[in-house]
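Engineer: Chains A and B are the protein sequences, given in the same order.
Sequential numbering of the first sequence, starting at 1067, is according to my numbering.
Sequential numbering of the second sequence, starting at 1067, is according to my numbering.
Keep in mind that the hints were calculated from the coordinates and are not lab data.
All of these numbers come straight from a predicted model, not from anything done at the bench.
Treat the hints loosely; a few may be bogus.
What the hints assert, rightly or not - Computed far set for chain A versus chain B, every beta-carbon distance over 10 Å:
| no. | residue |
| --- | --- |
| 1 | Arg1078 |
| 2 | Arg1081 |
| 3 | Arg1134 |
| 4 | Arg1137 |
| 5 | Thr1170 |
| 6 | Ala1172 |
| 7 | Asp1205 |
| 8 | Ala1259 |
| 9 | Asp1265 |
| 10 | Ser1276 |
| 11 | Trp1285 |
| 12 | Ile1289 |
| 13 | Gln1291 |
| 14 | Asp1308 |
| 15 | Tyr1365 |
| 16 | Asp1369 |
To be verified - Covered stretches of chain A, as calculated for chain B (at least 3 residues, CB under 8 Å):
| no. | segment |
| --- | --- |
| 17 | 1223–1232 |
| 18 | 1358–1364 |
We put the beta carbon where it would ideally sit given N, CA and C, even for glycine.
Protein chains: 2
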Amino acid sequence: MTAGLAERVIARDPRGIARAISCVEDEGAACAGLVRALFGRTGRAYLIGITGPPGAGKSTLVDRLITRYRRDGFTVGVLAIDPTSPFSGGAVLGDRLRMPSHATDAGVFIRSMATRGHLGGLARATAAAALVLDAAGTDLVIIETVGVGQGEVDIVRIADVSIVTLVPGAGDEVQALKAGIMEIADIFIVNKADREGSDRLVAALEASLSLHAAGPHEWRPPIVQTVATSGLGTDDVVAAIDRFRAASSASGRRRLRNEYQLRERLAARAIEYIERDVLAAGEFDTILDQIAARELDPYSAADELLRRAGLKLGGDSGAT
Amino acid sequence: MTAGLAERVIARDPRGIARAISCVEDEGAACAGLVRALFGRTGRAYLIGITGPPGAGKSTLVDRLITRYRRDGFTVGVLAIDPTSPFSGGAVLGDRLRMPSHATDAGVFIRSMATRGHLGGLARATAAAALVLDAAGTDLVIIETVGVGQGEVDIVRIADVSIVTLVPGAGDEVQALKAGIMEIADIFIVNKADREGSDRLVAALEASLSLHAAGPHEWRPPIVQTVATSGLGTDDVVAAIDRFRAASSASGRRRLRNEYQLRERLAARAIEYIERDVLAAGEFDTILDQIAARELDPYSAADELLRRAGLKLGGDSGAT
């Protein structure tokens, strides 16, 4: 069945793509075959990650980028994992309706990603969805996410270029940047640049960047000012992305992405195996009862389950 | 060595606690023994999660809560994983200095958590740090984090009560709430309630909450208005936490927390084992080379490594 689905993805059948994404999102064993069938066709799409606080105008920017890239003849996919995004929420047709300017364009595929469970599930599902779009011949996959925290660092791991979008006036964002997100941005966008305080924000960013003394051949994140509602600056954003794409070794970033995906898959598969093939019915509940009663600690419980799964764990971890 | 460290934690020696947290944060096998030694002493601390967008005044609220709880005779721990928080960043002594009003109080322990690597590392490290504080006899552990995304959902999994803090005026937050965070809040705080638009935000929240038709015996998240800078409303927050604590079954939430920790530990341990005991030197790089060349897909690579680790995986996952 997944063989037929793979063919539909490669033929760029929208419903086939939608179904394939749902399949790989669920991470069942049934879809591993689909990933295998598609993987050889991937590696051509360029993944653009866009993050920033709520209200920074990311969705309007994405809309502008879609229009621009379509005009240039590229196919575009959007994976929206921003709960504040108009792209987000609802079913596939709903997604398309949220984006009326591109609703009838077969060269645009929009998909919202639901917030998911444990173990970096969201980043993993997004990576898998990007892989499906890649195999379908999508030139550019835009991943839109919200915030300035750990979730965004995870997203960076799967994107080829990371764009952080800020707006003048809040002030808090720069603090956040100083504290952690500075390292993950390849490009900064100061949106709503017609607002009071835009130049001040740019200057603050410049100052922060100058602290991260980049080497002479290192990429120095440019700061692009935009007014997404009018389209001002969109060309500069595209030019910055092109420059980064040319300057950066895609292989380095992709290696990180592959490494991340491999680790994530190892973890998910090991847990799936233990739940299905190691644990007896109801045993997981019994273990949780024992942990609740403090008769067992989660570390010992994990080691015992892994031993039963076949791992030859030493007794070292408790002795040192 | 960890045996002595466990004793120092239980004796509430601040440097011992700090070292123990660093130890469990690193997740090395060396500290599994420490977790085992401490685990029987845990289960008494109440974990309070506070999240919200940057600039919502979370740190000032936390400061107010510390003062109030200390006055009532409770010991308090703070785990700050908000990059915009004044609690965050720097070493342990640095953390204390950032909080001058509590710097000399032995009943307060403040710790910033660094943003960490893959696989939900931050939530896992925070859970482990909370466990150390719990074993040290800390009555209340406040976990402060920023944002409205996946990271916060992870935090909810480790807290006994989840508080979402908002401020009037932005508007975006309510959208975000509607889209996803509504489900994770046990209590809402509208901070800076002396600002224009506070009542409107409360009304919008009420309207959103009424859509989530709670059953007659279900908890309906209260909305508490505060002005953290003046301390107004702090008592109402504490009262709301007490009511939630009385109304909710701690065991349900804690079971979820234990389950989460067990899964996380299984994943981390399995990967650690594969890297140390299954892979030959340089082999991980070779696998990544093969994936980059599209000669191997990450799903097949993961299965092969798990088989070599001892798991009896069937061939089913590729066949369906």
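Engineer: All hints, please: hold or fail.
Structural biologist: Going down the list of hints, with the structure as the test:
The claim that Arg1078 of chain A is not at the interface with chain B holds, since no C-beta of that chain comes within 10 Å of its own (minimum 20 Å). At the 10 Å boundary, the C-beta of Arg1081 of chain A stays outside the reach of chain B, the nearest C-beta of that chain being 20 Å off. With a closest Cβ-Cβ approach of about 25 Å to chain B, Arg1134 of chain A is found to remain outside the 10 Å limit, as its non-interface label requires. Consistency note on Arg1137 of chain A: stated as away from chain B, and its beta-carbon is indeed over 10 Å from all of that chain's, at 30 Å minimum.
For Thr1170 of chain A, the requirement that its beta carbon stay farther than 10 Å from each beta carbon of chain B is met, with the minimum near 26 Å. Remark: the non-interface label on Ala1172 of chain A is consistent with the geometry, its nearest Cβ contact in chain B lying 27 Å away (cut-off 10 Å). Against the 10 Å criterion, Asp1205 of chain A stays outside the reach of chain B, whose nearest CB is about 18 Å from its own CB. Residue-level check passed: Ala1259 of chain A sits 19 Å from the nearest beta carbon of chain B, beyond 10 Å.
At the 10 Å boundary, the C-beta of Asp1265 of chain A stays outside the reach of chain B, the nearest C-beta of that chain being 21 Å off. Every CB of chain B is more than 10 Å from the CB of Ser1276 of chain A (nearest about 19 Å), matching its label as outside the interface. Distance to chain B confirms Trp1285 of chain A as a non-interface residue, since its nearest Cβ pair spans about 21 Å, more than 10 Å. Taking the minimum C-beta to C-beta distance to chain B, about 19 Å, the non-interface status of Ile1289 of chain A holds against the 10 Å cut.
For Gln1291 of chain A, the requirement that its beta carbon stay farther than 10 Å from each beta carbon of chain B is met, with the minimum near 21 Å. The beta carbon of Asp1308 of chain A is kept farther than 10 Å from every beta carbon of chain B, the shortest such distance being approximately 23 Å. The non-interface label for Tyr1365 of chain A is inconsistent with chain B: the shortest C-beta to C-beta separation is roughly 5 Å, within 10 Å. With 10 Å as the threshold on Cβ separation, the claim that Asp1369 of chain A sits away from chain B is violated: the shortest Cβ distance comes to roughly 7 Å.
Residues of the segment 1223–1232 of chain A with a Cβ under 8 Å from some Cβ of chain B number 1, which does not satisfy the need for three, so the listed coverage is violated. Restraint check on the segment 1358–1364 of chain A versus chain B: 4 residues with Cβ-Cβ distances below 8 Å, three needed, restraint holds.
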